[in-house]
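Engineer: Listed below are the residues making up each chain.
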Amino acid sequence: AQSVTQPDIHITVSEGASLELRCNYSYGATPYLFWYVQSPGQGLQLLLKYFSGDTLVQGIKGFEAEFKRSQSSFNLRKPSVHWSDAAEYFCAVGPVLIQGAQKLVFGQGTRLTINP
Amino acid sequence: NAGVTQTPKFRVLKTGQSMTLLCAQDMNHEYMYWYRQDPGMGLRLIHYSVGEGTTAKGEVPDGYNVSRLKKQNFLLGLESAAPSQTSVYFCASSYSSGTDTQYFGPGTRLTVL
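Respectively, the protein sequence lines represent chains A and B.
Residues in the first sequence are numbered consecutively from 1, following my numbering.
Residues in the second sequence are numbered consecutively from 1001, following my numbering.
No lab work stands behind these hints, which were simulated from the structure alone.
From a predicted model like this one, the values you see are computed outputs, not experimental measurements.
Even glycine gets a Cβ: it sits at the ideal position worked out from N, Cα and C.
Fair warning: there could be bad hints in the mix.
Pulled a few chain A residues facing chain B out of the computed Cβ check, cut under 8 Å [claimed, not checked]:
(1) His10
(2) Ile11
(3) Tyr27
(4) Pro40
(5) Gly43
(6) Leu44
(7) Leu48
(8) Ala86
(9) Lys103
(10) Gly107
(11) Gln108
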């Protein structure tokens, strides 16, 4: 079955430290992969997406992610986090056929806490 | 350009009451979606629409109905609310296929007592 797993429910890092959030997927072909961020009390905002080409994808707010087919992973990274990066991060994979139409499937999310 | 808006932001219902959540988008998107977000479960798709006048079931459609009478609006209805429907509801839209970037509204926090 097509799915996405975010192994870490909650991660805490210090401000200025590097960050890596893990995302593993199960998919039969080359997937479309997304990272979204949800700030407290807000909706989700797209950080970056991958569907072909260069496996290292640059996104907004200084984030990047690397598609590794051999590991079925699409981990999100940032060299130096800021307090404003505290949020929940969702990985998504698609297209997944649900009820006859193509959709995205979201992971369970990783909550990021930043220590001052 | 407001993007995706949702009304209301918060609501408390008693079991058995009904309500309608309104989603509006001003980006001329064809696809619209309703998700619910519960702790530890990520986002789950309730219903979606691929264009004006069309609706379809997602992963967790039971207890909900939807309508898309106008392209810019997507309504989510709860006919008889249950405590299990306590959740945060998000609307999203995308230009075309399910793999296009989805734009999300700010969410509606619903509590059913």
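Engineer: For the hint on Leu48 (chain A), does the least C-beta distance to chain B fall short of 8 Å?
Structural biologist: violated, 10 Å
Engineer: Hint check: is the beta carbon of Ile11 (chain A) less than 8 Å from a beta carbon of chain B?
Structural biologist: At 15 Å from the nearest chain B Cβ, Ile11 (chain A) fails the 8 Å test, so the hint is violated.
Engineer: Do the numbers back the hint for Gly43 (chain A), that is, is its least Cβ distance to chain B under 8 Å?
Structural biologist: holds, 3 Å
Engineer: Closer than 8 Å between Cβ atoms is the bar; does Lys103 (chain A) clear it against chain B? Give me holds or violated.
Structural biologist: holds, 4 Å
Engineer: Under 8 Å, Cβ to Cβ, is where Gly107 (chain A) needs to be relative to chain B, so tell me if that hint holds or is violated.
Structural biologist: holds, 6 Å
Engineer: Would you check whether Gln108 (chain A) satisfies its interface hint, that is, whether its CB is within less than 8 Å of any CB in chain B?
Structural biologist: Constraint on Gln108 (chain A) satisfied, holds at 4 Å.
Engineer: Measuring from the C-beta of His10 (chain A) to each C-beta in chain B, is the shortest one below 8 Å?
Structural biologist: violated, 11 Å
Engineer: Would you settle whether the hint for Tyr27 (chain A) is holds or violated, based on the nearest Cβ-Cβ distance to chain B being less than 8 Å?
Structural biologist: violated, 12 Å
Engineer: Pro40 (chain A) was flagged as interface toward chain B. Is the shortest Cβ-Cβ separation under 8 Å?
Structural biologist: violated, 11 Å
Engineer: For the hint on Leu44 (chain A), just tell me whether its beta-carbon gets within less than 8 Å of chain B.
Structural biologist: holds, 4 Å
Engineer: Hint Ala86 (chain A) vs chain B: min CB-CB distance below 8 Å?
Structural biologist: Hint violated; Ala86 (chain A) Cβ to chain B Cβ min 17 Å, cut 8 Å.
The structure fails hints 1, 2, 3, 4, 7 and 8 (numbered hints given earlier, in ascending order).
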